[in-house]
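Visitor: Listed below are the residues making up each chain.
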Amino acid sequence: MDDLIKYAPALFDGFMENVKLSLMCGVLSLVLGTILVSMRVSPTPVLRAAGTVYVNVVRNTPLTLVLAFSALGLSDTLGLAFSDKPSSNSFWLVVLGLSIYTAAFVCEALRSGINTVPLGQAEAARAIGLTFLQSLRLIILPQAFRAVIAPLGSVMIAMIKNTTVAIAGGYLAESAFVMKDTFDDTGVSIPIFLGLVLAFMAVTLPVGFLTGWLARRLAVAR
Amino acid sequence: MKETLDSTPLVVLDDVNKHFGSLHVLRDINLTISRGEVLVVIGPSGGGKSTLCRAINRLETIDSGTITFDGQPLPKEGRALAQLRSEVGMVFQSFNLFAHKTILENVTLGPIKVRGTGKAQADRRGMELLERVGIGAQAAKYPAQLSGGQQQRVAIARALAMDPKMILFDEPTSALDPEMVQEVLDVMIGLARDGMTMMVVTHEMGFARRAANRVVFMADGQIVEENTPDQFFTNARTDRAKDFLSKILTH
Numbered sequence: 001m002d003d004l005i006k007y008a009p010a011l012f013d014g015f016m017e018n019v020k021l022s023l024m025c026g027v028l029s030l031v032l033g034t035i036l037v038s039m040r041v042s043p044t045p046v047l048r049a050a051g052t053v054y055v056n057v058v059r060n061t062p063l064t065l066v067l068a069f070s071a072l073g074l075s076d077t078l079g080l081a082f083s084d085k086p087s088s089n090s091f092w093l094v095v096l097g098l099s100i101y102t103a104a105f106v107c108e109a110l111r112s113g114i115n116t117v118p119l120g121q122a123e124a125a126r127a128i129g130l131t132f133l134q135s136l137r138l139i140i141l142p143q144a145f146r147a148v149i150a151p152l153g154s155v156m157i158a159m160i161k162n163t164t165v166a167i168a169g170g171y172l173a174e175s176a177f178v179m180k181d182t183f184d185d186t187g188v189s190i191p192i193f194l195g196l197v198l199a200f201m202a203v204t205l206p207v208g209f210l211t212g213w214l215a216r217r218l219a220v221a222r
Numbered sequence: 001m002k003e004t005l006d007s008t009p010l011v012v013l014d015d016v017n018k019h020f021g022s023l024h025v026l027r028d029i030n031l032t033i034s035r036g037e038v039l040v041v042i043g044p045s046g047g048g049k050s051t052l053c054r055a056i057n058r059l060e061t062i063d064s065g066t067i068t069f070d071g072q073p074l075p076k077e078g079r080a081l082a083q084l085r086s087e088v089g090m091v092f093q094s095f096n097l098f099a100h101k102t103i104l105e106n107v108t109l110g111p112i113k114v115r116g117t118g119k120a121q122a123d124r125r126g127m128e129l130l131e132r133v134g135i136g137a138q139a140a141k142y143p144a145q146l147s148g149g150q151q152q153r154v155a156i157a158r159a160l161a162m163d164p165k166m167i168l169f170d171e172p173t174s175a176l177d178p179e180m181v182q183e184v185l186d187v188m189i190g191l192a193r194d195g196m197t198m199m200v201v202t203h204e205m206g207f208a209r210r211a212a213n214r215v216v217f218m219a220d221g222q223i224v225e226e227n228t229p230d231q232f233f234t235n236a237r238t239d240r241a242k243d244f245l246s247k248i249l250t251h
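Those protein sequence lines, which keep their order, are chains R and L. Anchor point for the first sequence: position 25 equals 25 in full-length UniProt numbering, and the numbering is continuous, going up by one each time. Anchor point for the second sequence: position 226 equals 226 in full-length UniProt numbering, and the numbering is continuous, going up by one each time.
Calculated from the structure, these hints are not laboratory results. If a hint is listed, it holds; no wrong ones were tucked in.
If you want a taste of the chain L side facing chain R, the calculated C-beta under 10 angstroms gives, among others: (1) N57; (2) R79; (3) M90; (4) S94; (5) F95; (6) L97; (7) F98; (8) K101; (9) L109; (10) V114; (11) R115; (12) R158; (13) M162; (14) L168.
All figures in this text were calculated on a predicted structure; none of them were measured in a lab. Even glycine gets a Cβ: it sits at the ideal position worked out from N, Cα and C.
Same shape as in the complex, but just chain R:
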């Protein structure tokens, strides 16, 4: 218990990095996932194919490899740099990698949502003269989102927990790494371990409850 109290400030700082990563990835993966699903249902075969390839490649690649590629491939080899400061650079590389990864799951959740929207909705949208993008944005996606709020919540919970493998992308400030680092000094400490588990649950449980509640509240009556 003393260990937990002693190292709590460092662990807390680390945990806040997880929170920051989660917020950035949450926004980016939702945006990217929405773009991807738009591609996957678009009338243009090239876009559909590109979306399908993206999802199947990224979804079936281990996250640690996606992050490693982000750090070693995109940054070290191809010279992609977000910042001169190494820690800041690796923060954004992890955000990029984890968002690219999570977006594939967001896309597939949304696509199953689109499948719940009756075909007649799209036909009615086209029949009043809406373009493909307008019917997607105004009619299809709003109903699809509402149908998959709960599964999207699960995707977000998985993403939040996945921030703990940021070390694979070279980012060393988040809490799981801080914990392992601390164990090198103290030996394995159960209180520290449990403290960190509780911290994650304090974030992920409300995400689950909130999305479950929203799903019931915003359900589209047919």
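Following the hints, put chain L in place on chain R, whose structure we already have.
Guide: Same frame as chain R, now just chain L:
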């Protein structure tokens, strides 16, 4: 029945063919719809009536032949097609009101997003149209809260809000409980009286007799017979039509 019809055609179908796989659903369809005309399409199910209706705003593509609307061939895709569809109203069998939008929003969405009408003006006009179809009091509700007949009247108001040159009705009363059919037909008869060009796929003979200028009988993908409603219902020329009428008249 209206007496004066503008003679310039609004829709011309010329040798239109369509297949669904091995099924030949439209066979050499030639049909002209004049401005102000109310055309009823009748016939056994699977005969191609709905497909014909949906081909006119290109919800179904065709394999060969041409369809012209207001002098222009139907655009293939993109903005030009969206523009065409905004001028052709459509009322579906299953209403297809936007489930996540209120009744008023259903009616104003097209004018605001497609025509660029201001919200205040679109709301005003939307309320007028909802009053006209008798649903003004329900404007703030969602589609699932309305009866089928009410939903279908909203769908008609939604089509009218675009000031279309024509409205296509694809079996508008077939999904309704019997007691709600008349309220929808009354609105449609009103539209016909006001001179709206209409193509109506229906089995409602009462409507055909009261409002239609012409009846087209379709079976097996072909137009088998065309006539005035009175002639068609009392004195059908083809055996196919007589057979069909004998089946629906016994009800």
